[in-house]
Structures are given as structure tokens and as C-alpha cells.
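> These protein sequence lines are chains A and B, in that order. For the first sequence, the UniProt record's numbering gives the first residue as 1, with consecutive numbering after it. For the second sequence, the UniProt record's numbering gives the first residue as 1, with consecutive numbering after it.
Just so you know, the hints here were simulated from the structure itself, not pulled from any lab data. Glycine residues also receive a C-beta, built at the ideal position from the N, C-alpha and C atoms. Incorrect hints may appear among the rest.
[Claimed, not checked] Ranges of calculated distance between the beta carbons of each label pair, as one might list FRET restraints:
1. B:Asn-25 to A:Gly-384: 41 to 47 Å
2. A:Ser-41 to B:Arg-24: 56 to 62 Å
3. A:Ala-482 to B:Arg-24: 42 to 48 Å
4. A:Leu-64 to B:Val-7: 41 to 47 Å
5. A:Trp-61 to B:Arg-24: 49 to 55 Å
6. B:Leu-95 to A:Gly-23: 38 to 44 Å
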Amino acid sequence: MNGTIQAPTIEYALLAPMLVVFGAAIVGVLVEAFAPRYLRSAIHLPLTLLSLAGAFALTVWQALKGVPTKPAAMGAVAVDGPALFIWGTILVLAFVSVMLINDEGHFVAAAAAVPGSAEEEQALYSGAAHTEIYPLVLFAVGGMLLFPASNDLLVAFVALEVMSLPLYLLCGLARRRRLLSQEAAVKYFLLGAFSSAFFLYGTALLYGYAGSIDLARINAALGTVGGQDTLLYLGAGMLGVGLLFKIGAAPFQAWKPDVYQGSPTPITALMASGTLVAAFGALLRVFWVGLGGLDWDWSPVLWGVAILTMVVGAVLAITQTDIKRMLAYSSIAHGGFLLVGVVATGTAAQNTSALSGILFYLVAYGVTTVGAFAVVTMVRDAGGEAWHLSRWAGLGKRSPLLAAVFAFFLLAFAGIPLTSGFFGKYAVFQAAVSGGATPLVIVGVVASAVAAFFYVRIIVLMFFSDPAADGPSVVLPSRGTAAVVGFAALATVVLGVYPEPVLHLAHSAAQSLFVR
Amino acid sequence: MTTHYLVLSALLFAIGGVGVLVRRNAIVVFMCVELMLNACNLAFVTFARQNGNLDGQVIAFFVMIVAAAEVVIGLAIIVTIFRTRRSASVDDASLLKH
């Protein structure tokens, strides 16, 4: 008991991308405290974009320098091939989302003012703005970086909360339709806190089982500890509930449409891309590194979840009349397709191909999603964005270019050849077939066909029906929004026509698998 | 005899979980979530004793801090919606459905 305490060794260079993002977030808070109001957003935007770009450069530098073979920070954080790839993806997606967030008029002028009150009028009149949004986004992005890299369950829990708490707040900050936005925040918060309690209790039970929360030690304990199976199975199940909730897999998908619809659209773009990527990274790490020895037990459950998720996402999307809810159900269906890749386990060689397929899919889906939500921000009515699908009728006749780009994104979601979505689905399904999950792939292909139906329905609606007389107008995009749409469209084309470089990168990232 | 503590922790967790599902007031729902987190803490400390290492006790501190941060965010959100709607019932907030 009286031994000397040894200082932990922390590899700061390896953790540098995260430290840059968190550091910039803290500087952002200080800016809020000390900078005069009129200067704040002029400081925040360059600070946020530069820190994200710097973190991306550090990630690339890290990858070029060679992937470390053992976890950093006393085994708490694993910076390995998949983690670096996921970091790069999240940072790019966050960068483009921040360009959307920067656009005028998405966020509330004074969140504390009751909607429709004189206070709110005055805040709008005086041009007040919540510049706290930028540090909040940076904290959320920092959590997204830490979550897929966390190598023990406590770090994973803390990262989960660091990622989620700012997002709960950001959801409630829409400028228009504030009742919906606040309701989305309450729902997301209560359900998110509920699910993270499950994650934590699962952690406690696994700690009781293995005597450690380190993923590698839990995996080692699977072979040696006997007679504690109740703790193990309950713990693994509850951990799974927490992770699958964040992904939005059925039967934990109920929050997704409500939250996606109510949130400010740029925040929806950030959540739909970044959170999904981070949550899949964490899910893969927990199930492969921590519970890899238990795959005979968890993979049948994930089979069921994957099938249910694909079916629920694809079928319920058909009945939607709101563009953002439709995209939310489509995101649920895509989560199901990705779960097919997670299930496709087996020998080490198959693990590599399944993992690289998932990584490529995440990039392709994330970029297209941000682009699609960027288009949604541009189609506006008198009362804000036009969400109802009937308002989108005839958009192709009024603004052919925008409608064509949106149609292209929808085709990429459907997985039509020559778009990025095709290669993503192909890589994941091929790995699943060679991993022996052919029935899952059949369900996946059928669900894709159902999904293609409602994507095509919107395209038909945009191009082959007459525009309403008082239809929505397409606002001239700001430079940021135009750049986001352009970038997403370009990336969707390039990944669809010439995917080799990114596929190769994903493959070499997956080659090293997860460090233990 | 650490089993009693584990049973208590499981009971608290179950009470919290059922509370989240059946109660109507957002504040009460939120308190039930906090009860679940505290049940986790009890389990961590008990397992720390059982396993003979201190990890669990340290984790309990982390969980307390995370729970405190969650309270700040949660109350901010719930108070905002209460000011708007004059009600904290989770049943009243039902605009978001198709």
C-alpha cells in the first residue's frame, strides 16, 4: 500500500490531433468569456476551421510516420490504422459541417428567450447570435475522435458523453420551428442519457467479470474466468444496447427521425455523418477487441439486429412525407447495411476485408449525407426550410442544377453504379458473402431495392410533376454552402468512378487491424 | 458478502429503468436516469472490493463528474422547454411525428 506512485507515460505526439481539437475548444470558451461580442464569430470561425485542418494534417503525418503497434497513454487510447482512418474521416466531415454551420440564420438568436416573446423579437432585431456553437461543435468532434480510439470502457464512456452532451444542446438551438427543436433536444437528451446508463452498467458488469475495464484484458478473461457467465452475458448485452443506440439500430432507432427532423439542419448533417462514423468505430473496437472471443454468442444477435434495422429503415422510409425524416430513416437503413459488415467476421483475412469495406462505406455515406443535408438547407419557404415532400414537387423545373445534384446524392444512397454508394455496398456485401453471411446479404439487397424505390420516388417528384404556384424558393447559397455541396458532389463522383485510392487507403488501414 | 450490494445495485438500476419508462415528468425521468448511474457506481465499488483492485473506486469518481455535467445540460434543456410550454410532461411534447 505504501509503494511510490509512478507517473503515467503519455504519448502526446500520438494524441496530438485530439489535443488540438480539445485545445481549440477550450480557447473557444475563453473567447466567449473575454472577447467583445462583435469580434467573437470573426475569431471562432478561423479558429475552428484551422484546428480541424491542423488535426487532419497531424493525423496524416501520424499515418505516414507508421502505425504504432501498441496502445498509447497506458493502454487507454489505441491509435491504430482503423482509428487514424476514422479520425481523418471525422475531421473532413466536421470541417464541411462547420462550413454549413457558419451559414447565416440557422441558429437561434437567444436560446433562453421564449419563442414568440418580445425578448426574442428584440434579440433578433439587435442581431444577437450564439457564438458558443463553435466551441460546442469542437467538443463534440473531440469526443467523436476519442470514442472510436478508446481502448478501455471508462474512456469509451467519457468519450461517449463528451460527444453527446454538446450535441444535445446544439439540437435545441434552431432559429425557426423552435418548439420542434426544443422537443428534439429533450427527446435526444432523455433517451441518450438512458442508453448511456445501460452502457455504464454493462461496463460495471464486465468489470466485475474480468476484474479490469481494459478491452484486451476482458478478451483475455473470456478464456480463463469460469462460472460468471451471467455477468458476462448481461454486461455484453447492456454494452451493446448503449452502442447500438448511438448507431440508431433497430429496436433503438426511435430517436433518430425525431432528432434529425427537429435539429438545425447543419447539426443534423454533423450528427448523421460524424456521430455515425464514431459510433461504428467504437462498436467495432468493443466487439472485436474486447469481446472478440465471444463472437459465437454475439454474432447471431447482431444478425437479428442487422436484419431488423435494414427492414425497419427501408420500409418506414417509404411512408415518410418529410424530407429530413426520410433521410433519417435512410440513415437507419444504412446503419443496417454497415452492421452486415460488422457481422461478417471469421478468419483474420476476412476481418481485414470486412473492416476495409466498412471504412470505405463510412467515408462514402458520410460525405453524401452532408451534401444532401446541405441541399435541404437551401430549399426554403416563407417559414424556413421546406421540409414537406409535396413542397419539393417540380423543383427540377425551377432549379435544375440543385435538383440534379440532390438526385445524384439520392442515387448514391441507393447504391447505383458510378456513385460512391455502389462501391461502399459492394465492398461490405462482398466481405459478408465470403464471411458466410449470405442470407444477410440477400436481405440487404432486397432492402436496398425497397430503399431505391423511395429515392427514385423523390427524383420523379422533383422532375416529373408540376411545381406549385407558391412553391418554395431556392436561396442563392452562401460560398460556404456552395462549397459543401460542390465538395460532396465531387467526392461522390470521384469515389464512384475512381475509388481505388480510398479503397487502397482503407485496406492498408484495416490491414493492421485493431491493436490490443 | 458483496452479493447483497450487487442485488441492491441491480434493484436500484431496475427502479430507475422502470421509472424512465413509466413516469411522465421530464425532471422525474431525468432523476431516474441519475438513479441508474448511481446504481452503476454502487456496482463499480462493490466489484472493486470483490476484485481486490482500486479501478472501480476511481471509475466511480469519473461517473460522478460525468453525471454532474449531464445534470447541467439536462436541466438547461428541460427548463427551456418548460418555459416554452409551461409543462415538463414528456407526453405533451409530441409535435415530432409523421
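> Hint by hint, say whether it matches the structure.
Hint by hint, here is what the structure shows:
no., hint, result
1, B:Asn-25 to A:Gly-384: 41 to 47 Å, "violated (31 Å)"
2, A:Ser-41 to B:Arg-24: 56 to 62 Å, "violated (40 Å)"
3, A:Ala-482 to B:Arg-24: 42 to 48 Å, "holds (46 Å)"
4, A:Leu-64 to B:Val-7: 41 to 47 Å, "violated (54 Å)"
5, A:Trp-61 to B:Arg-24: 49 to 55 Å, "holds (53 Å)"
6, B:Leu-95 to A:Gly-23: 38 to 44 Å, "holds (39 Å)"
Hint compliance for this structure: hints 1, 2, 4 are not met, and every other hint is.
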